[in-house]
Amino acid sequence: MKKKEVAKGIAFVVMFAVLFVLVSKVLCHPEDERNYQWVAGFYEEPENSLDAVYIGSSNCYSFWNPLVAWNEFGITVYPYATNAQPFGAAKYLIKEARKTQPDALYIVNINTLGDEGLGIENLHYLLDYMPFSLNKLQLTHHLADMAGFDFFERMELYFPLIRYHDRWNDISLEDFNYEVNGMKGASDYSSFLCNVNDITKGYIVTDKEVVLEESLKELVEDLLDYCDEEKVKVLFVTVPRCEGSEDMVAKMNAVNALIEERGYPTLNLNGKVEEISLDLTKDYYNSKHTNIHGAVKFTEYLSEYLVDNYAFEDKRNDSAYITWNQAWEQYETIIESELLDLEMGQARLTDVMNMPQNLTANHDDVQVTVSWDPVENAEGYLLFRKIGEDGKWEEMIDTTQCLYEDKAAISTNAGWYYYTVVPYCEENGEIFYGDFSYKGVEIITF
Amino acid sequence: MSFVSLGFIVATCLLCLIYYIIPKKFQWIVLLVGSVLFYMTYGVKRILFILLASVATYCAARKIDKIYVYQDEHIKKNGLSGKEKQEYVLLNKKRTKKILMLAVFFLVCMLVYSKTGNWLQKTITGLIFGQEKSILPLIVALGISYYTFSMIAYVADVYWRKDRAEKNYFRFLLFVIYFPKILQGPISRHNNLAPQFKKEHYFDYKTFCFGAQLAVWGYFKKLVIADRLFLFVGKVFGEIPNCSGAILVVGSMFGALQLYCDFSGCMDIVRGISQVFGIELEKNFEQPFFSRSVAEFWRRWHITLGTWFKDYVYMPIVISPTLSKALKPIKEKWGMKVVKKVMTAIPLAIVWILTGIWHGTGWPYVAWGIYWGGLVIVSMLLESFYKKVLKKLKIKEEAALWRVFQMIRTFLLFCIARLLTIPNSLHATAVIFKKIICEFNISSVLHGNLFYYGLDRLNFIVVVVALLVLFVVSVLQTKGSVREKIADRNIVLRWSIYYALLFAVIIFGIYGPGYDASSFIYEAF
Numbered sequence: 002m003k004k005k006e007v008a009k010g011i012a013f014v015v016m017f018a019v020l021f022v023l024v025s026k027v028l029c030h031p032e033d034e035r036n037y038q039w040v041a042g043f044y045e046e047p048e049n050s051l052d053a054v055y056i057g058s059s060n061c062y063s064f065w066n067p068l069v070a071w072n073e074f075g076i077t078v079y080p081y082a083t084n085a086q087p088f089g090a091a092k093y094l095i096k097e098a099r100k101t102q103p104d105a106l107y108i109v110n111i112n113t114l115g116d117e118g119l120g121i122e123n124l125h126y127l128l129d130y131m132p133f134s135l136n137k138l139q140l141t142h143h144l145a146d147m148a149g150f151d152f153f154e155r156m157e158l159y160f161p162l163i164r165y166h167d168r169w170n171d172i173s174l175e176d177f178n179y180e181v182n183g184m185k186g187a188s189d190y191s192s193f194l195c196n197v198n199d200i201t202k203g204y205i206v207t208d209k210e211v212v213l214e215e216s217l218k219e220l221v222e223d224l225l226d227y228c229d230e231e232k233v234k235v236l237f238v239t240v241p242r243c244e245g246s247e248d249m250v251a252k253m254n255a256v257n258a259l260i261e262e263r264g265y266p267t268l269n270l271n272g273k274v275e276e277i278s279l280d281l282t283k284d285y286y287n288s289k290h291t292n293i294h295g296a297v298k299f300t301e302y303l304s305e306y307l308v309d310n311y312a313f314e315d316k317r318n319d320s321a322y323i324t325w326n327q328a329w330e331q332y333e334t335i336i337e338s339e340l341l342d343l344e345m346g347q348a349r350l351t352d353v354m355n356m357p358q359n360l361t362a363n364h365d366d367v368q369v370t371v372s373w374d375p376v377e378n379a380e381g382y383l384l385f386r387k388i389g390e391d392g393k394w395e396e397m398i399d400t401t402q403c404l405y406e407d408k409a410a411i412s413t414n415a416g417w418y419y420y421t422v423v424p425y426c427e428e429n430g431e432i433f434y435g436d437f438s439y440k441g442v443e444i445i446t447f
Numbered sequence: 054m055s056f057v058s059l060g061f062i063v064a065t066c067l068l069c070l071i072y073y074i075i076p077k078k079f080q081w082i083v084l085l086v087g088s089v090l091f092y093m094t095y096g097v098k099r100i101l102f103i104l105l106a107s108v109a110t111y112c113a114a115r116k117i118d119k120i121y122v123y124q125d126e127h128i129k130k131n132g133l134s135g136k137e138k139q140e141y142v143l144l145n146k147k148r149t150k151k152i153l154m155l156a157v158f159f160l161v162c163m164l165v166y167s168k169t170g171n172w173l174q175k176t177i178t179g180l181i182f183g184q185e186k187s188i189l190p191l192i193v194a195l196g197i198s199y200y201t202f203s204m205i206a207y208v209a210d211v212y213w214r215k216d217r218a219e220k221n222y223f224r225f226l227l228f229v230i231y232f233p234k235i236l237q238g239p240i241s242r243h244n245n246l247a248p249q250f251k252k253e254h255y256f257d258y259k260t261f262c263f264g265a266q267l268a269v270w271g272y273f274k275k276l277v278i279a280d281r282l283f284l285f286v287g288k289v290f291g292e293i294p295n296c297s298g299a300i301l302v303v304g305s306m307f308g309a310l311q312l313y314c315d316f317s318g319c320m321d322i323v324r325g326i327s328q329v330f331g332i333e334l335e336k337n338f339e340q341p342f343f344s345r346s347v348a349e350f351w352r353r354w355h356i357t358l359g360t361w362f363k364d365y366v367y368m369p370i371v372i373s374p375t376l377s378k379a380l381k382p383i384k385e386k387w388g389m390k391v392v393k394k395v396m397t398a399i400p401l402a403i404v405w406i407l408t409g410i411w412h413g414t415g416w417p418y419v420a421w422g423i424y425w426g427g428l429v430i431v432s433m434l435l436e437s438f439y440k441k442v443l444k445k446l447k448i449k450e451e452a453a454l455w456r457v458f459q460m461i462r463t464f465l466l467f468c469i470a471r472l473l474t475i476p477n478s479l480h481a482t483a484v485i486f487k488k489i490i491c492e493f494n495i496s497s498v499l500h501g502n503l504f505y506y507g508l509d510r511l512n513f514i515v516v517v518v519a520l521l522v523l524f525v526v527s528v529l530q531t532k533g534s535v536r537e538k539i540a541d542r543n544i545v546l547r548w549s550i551y552y553a554l555l556f557a558v559i560i561f562g563i564y565g566p567g568y569d570a571s572s573f574i575y576e577a578f
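First to last, the protein sequences are chains A and B.
Counting along the first sequence from 1, when you hit position 220 you're at 221 in the numbering used here, and nothing is skipped either side.
Counting along the second sequence from 1, when you hit position 402 you're at 455 in the numbering used here, and nothing is skipped either side.
Note that these hints are calculated values from the structure, not bench results.
Nothing here was measured: the structure is a model prediction, and the numbers come from that model.
There may be inaccurate statements among the hints.
In silico DSS-like pairs for lysine-lysine, Cα to Cα no more than 27 Å straight-line [stated by the list, open to error]: (1) Lys-252/B <-> Lys-4/A; (2) Lys-251/B <-> Lys-220/B; (3) Lys-77/B <-> Lys-3/A; (4) Lys-136/B <-> Lys-9/A; (5) Lys-259/B <-> Lys-3/A; (6) Lys-252/B <-> Lys-3/A; (7) Lys-100/A <-> Lys-137/A; (8) Lys-3/A <-> Lys-251/B; (9) Lys-393/B <-> Lys-378/B; (10) Lys-147/B <-> Lys-136/B; (11) Lys-538/B <-> Lys-4/A; (12) Lys-3/A <-> Lys-215/B; (13) Lys-215/B <-> Lys-116/B; (14) Lys-393/A <-> Lys-408/A.
With the rest of the complex left out, here is chain A (with noise of 0.2 Å):
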């Protein structure tokens, strides 16, 4: 073959291969936008200016909320999360995050052990949005031999094309540029915000251990020779959440134990709800993942703890963490409108001031009448008003009575209204709240 063609011809591959990624850019739309926030956010920060990376699954972004931890506590602690993310993927994601936060903590979460991760929807989650590099081919082999891919699952991976190449017909100029939103991989996803569930029923504790998998012992010693080796600071988390069986709860105990058998710190918070303040009844959106609510006390626990033992400054105040700043205020925009709590800080007496029960609202042609039964402990209640479930909570009144009548409701807009109780008394001079509905009554006055 003369040199011409041969010249031509890697000409032609290499303009194709060029080509093929930039087509690949733009048709490759995350399926899920929030795993794109997620990995993707997490290359916009800055060399070494997170104190820690959070590695896991959804329990990583559903418990831990950074902009809360920033709020609050001044750390920047980074959630490289995806959906069902599974544990095979944390030694390669340590590697892959220390390429830019190499003195960062490593926190590992290990609720996730099962197969449920290696679904090939969830492996484009984490791998779709990842730079390419050697770390991710090897990830990806990894995965796919985990998975037990065959060779056009496997291509799928390497060439996400594959799957998204129909999205064609959905394009638009957001594919050309989709751009990371800044808020530091804190949660806003629908579910999170408002649903509530009782998962009481589900949740098992238990200080058994069974003996593990052969694969699984292979998975964590190989997680920890890799820290070993190249000196990781880590720490390894489990979230109280419903684990589905006693075994489970067990499987992840035994994982603690051998990881504290070589020396690695673990926090396991299965059975520690009360001290974390959580809820059962409310602070979570369904049996593995908080809300909201149960996401800032888990947050604030956290962050206590990793203050407490990991000396990380508060840099609140630190010009060259602006954009933290700036993530919190239009985070806290974002969350207005469910979260009353977060205004009330720590100040919360949920065990002295119940939630008040018979909270209902009625109307007629003149007003809502807001009605509901005296609590044990208030001196005064107060009632707050939102207009449309993305309304914001808007303070109506402080009341020593246990009725509020809201005429403005009528007059004014028609539509859904929803109200909300919180007790409150005082103590030297300090007010201190009581339990409340997150949700409130809700009631439509057309």
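With chain A fixed as given, assemble chain B onto it according to the hints.
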């Protein structure tokens, strides 16, 4: 391993690399090993049937060839001539004919058993034992229709002394199992392929590029057009009661185009891949929808099947002394003109019955064979009458409008034939025709209902644009090689076309999760 799988493309690239690196005398072995491995990806046991058939054919051809070689030597050595020579040759002809018939019988039995074995077993055991049973193993041999015909052609050519028997069994096996043609043809001739396998193939940039371009064009036809049309066709013919006559007409037209793009797309893929290895396979399509008559259509559609039937069924019947003898009374009564027509009609009828059976067992395919056979025979018989009518009506046969009318007519006749086989039941076909005549309802097409049958508006636009591209390319192909024309253009235009085609397949192709891997229609034969 399907032709449209990534695994196949990667494996072919690897095979190509080894093929051109290895010493030239081993190239045919590389192709043989690759072909055997390809066949075995469909199941290791299946290869046993093709090996059995190839051994039987090889032995039969070698035996026939040996008889002829000995015959020639004997005649030369003993100086035989005249009547003595004639008698000696006739005697050997009888012997070789017996071997040929045995070989053909064996191959046809394997083919028939493969196609109908399961049904036959169950029917017979049901009658005898009162219960359906499968006693004998089933032959589910891949590509059996194609390789059986190839082998019959081979042994017949050896018998007719048009070809010499292959001495090396493995070279013969390569001819039989050569991977680009094994699944869907073309039905290759040994005297075309064998010399090419024996040649040394050096890497030629132009040949390689042309082969790759042809394969990509095939993938475009298959993945962008055929599989997209199938989304519509499958939906419409899966919900016949919910479709108006107008929708069913669109369905039949799309069904016709889908079949063409699926089959000819595959042929382009296999010919292109084969060209990459420096092996030219026979063409199977020659823009069939530009045909002006049914006879011309069947000279342009599935060409190798047509030529096979012509060479190995039609011609032997036409020149057979048995037929001439049988037609003697007709000749004496009606004259030569009528005899000529009968001599054409009888073999045509046999060919079309067999063609129908080749495509499938069942009444729809019988009807299909009768339909096409009837059209071909009737148009042959009425040819002169037809010309007189045209002359009386003063219609110029070469006028552009008339030619377009003929092409549209041929296409519509093909669409009608599709309606016999797509629903796979004559009852369903009858329901469709009834709906077309009695419940046409054109408004169902005009008011956007077309987009409720598996293809939304955007996908419809894609398929229409792709069909227009196909039409333009087909027109250009009638004037010469399109690849040559593009190759003569400047590099910017050339590469733009190549990239446009490649990315059209990558972006608009129907593949990936969310779509069932679509097999080729003619793979079923």
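Now the hints, each set against the structure:
1. Lys-252/B <-> Lys-4/A: holds (25 Å)
2. Lys-251/B <-> Lys-220/B: holds (13 Å)
3. Lys-77/B <-> Lys-3/A: holds (19 Å)
4. Lys-136/B <-> Lys-9/A: violated (67 Å)
5. Lys-259/B <-> Lys-3/A: holds (11 Å)
6. Lys-252/B <-> Lys-3/A: With Cα atoms ~22 Å apart, Lys-252/B and Lys-3/A stay inside 27 Å; holds.
7. Lys-100/A <-> Lys-137/A: holds (12 Å)
8. Lys-3/A <-> Lys-251/B: Holds, because 25 Å separates the two Cα atoms, which is no more than 27 Å.
9. Lys-393/B <-> Lys-378/B: OK: Lys-393/B and Lys-378/B at ~13 Å, within 27 Å.
10. Lys-147/B <-> Lys-136/B: The hint holds at about 17 Å.
11. Lys-538/B <-> Lys-4/A: Holds, at about 24 Å.
12. Lys-3/A <-> Lys-215/B: Roughly 40 Å between the alpha carbons, so the hint for Lys-3/A and Lys-215/B is violated.
13. Lys-215/B <-> Lys-116/B: Answer holds: Lys-215/B to Lys-116/B is near 15 Å, not above 27 Å.
14. Lys-393/A <-> Lys-408/A: Answer holds: Lys-393/A to Lys-408/A is near 19 Å, not above 27 Å.
Hints 4 and 12, counting from the list given before, are not met by this structure.
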